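Mature numbering (1 follows the signal peptide of the UniProt record, and there is no 0) puts the sequence shown at residues -22 to -1, 1 to 392.
Some clues are possibly wrong.
[To be verified] Beta-carbon label-pair distances, calculated as ranges:
hint, residue 1, residue 2, range
1, Lys204, Leu54, 38 to 48 Å
2, Ala309, Pro33, 26 to 36 Å
3, Ala309, Ser206, 35 to 45 Å
4, Ser162, Asp368, 27 to 37 Å
Simulated from the structure, these hints should not be mistaken for lab results.
Computed from a prediction, not measured in an experiment: that's the story for all the values here.
Ideal Cβ placement from N, Cα and C applies to all residues, glycine included.
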Amino acid sequence: MAMVVFSMIVSMLTLLTVFVRCANIQSCILQIGHPGRCIPLTNCPEVHKLTKKKPLYPSDRQKIIALVGACGGNLLSQNFKVCCEFSDHVTERRPTKGLHSIIIPKSTCPMPNNHGPYSIITTTRTTVKPWKRRPSPSTTTPDFRAPKRKLPTRCGIRPPSSHMLSNVEDSEHVHTWAVFLEISRRETITGRCVGTMITDRFVLTAAHCLHHLQIDDVTMYFGLLKRSDLAECLNDESCQEKKAAQFIIHAEYRVHEKLNDIALILTEDAVQTSDYITPICLPLNHTFDESSANKYSSTVVSFGWGRTFGENLSDAKLVMLLQVIPQDECAKSLRFNTTVLSSMMCTLGDQPGQDVCQGDSGAPLVQDYDRLMYVVGVVSSGPTCGMSTDIPGKAMRVSHYMNWILTKISRHRV
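Make the full structure from the sequences, and use the hints.
Next up, the structure:
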């Protein structure tokens, strides 16, 4: 009898130790949409082995950067963690007659419940007799395939004849994911921003575009080329007008510092895709690494209806080429030695005097990668249009926020 009691105490202490340790484990979503957990590099054999490869190809480096970024760090961070794929295999101690057996996952820590915040964890179970049949996966592991299923199967398709030119109208209608955000208060237009269509129900933009606004203050226009053609565009249905059902602003958005300046807009109803309206790709399997990029590979495209060099809002959607610059170079260029975090990207105009201008807030930084167009950044702020050639603009790095984006999409079941 004493032996049975002792075994039960040991089992409970083991389970308690696992539970306490797991409470501090951060969950994440891998680029391919599978569940993961943030653990030290040396504890994740697959990623640790990848870092030891020689030579380390750019694609491998990009994957490592993305896995570190999914846990909120970068390769320069001390004791950084990586997003390691979760395994639900279990190890059972061989039962001893008269003793309670305990089942603990090989991965040590179970995945969080998908019906609540990430801090909620599903506890392991104890049984008097070992189970021959495992519980349904839906009760033990959250289905992170759900957000991936909500992403479009076709995205980021660029016309094969389109050209990469700067400071020109998007006359070829390349950027069919562009969304014109008109901000009105009391029937008076007070501002404009840009968004990016990522699904038929979600638009990606900057948090400062929506800060202190009500959902009725924003009207979204899809498929628009020229503002002056809006009425005609809506009439022939090549454009669509949508209202917002909800603003989803990053919980850690900081207004003055422009930190985590990223947001999603849930539309009231689905946007109908067409030749003029299609979603862009999210960087599930790709992250932008400016530290190893050359001039060509560091070039991104942005667009908007912002102020032109004559200080007037542009009637047409203008496209501009931007160069993404290394973070250390960006920090030196910005005033007052502003801190540049791994969640940020810095850009300069491809030509002197060009940059993102007022009215282009929330616009994407778009990269052509493997024959598809990806949104790799969201424009946050920039210098006064055309007035500077050496002060970079800042954008939020989308790959850093993929965990947040997929989580929000999965929680809004539409």
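Hint check, failures only: none
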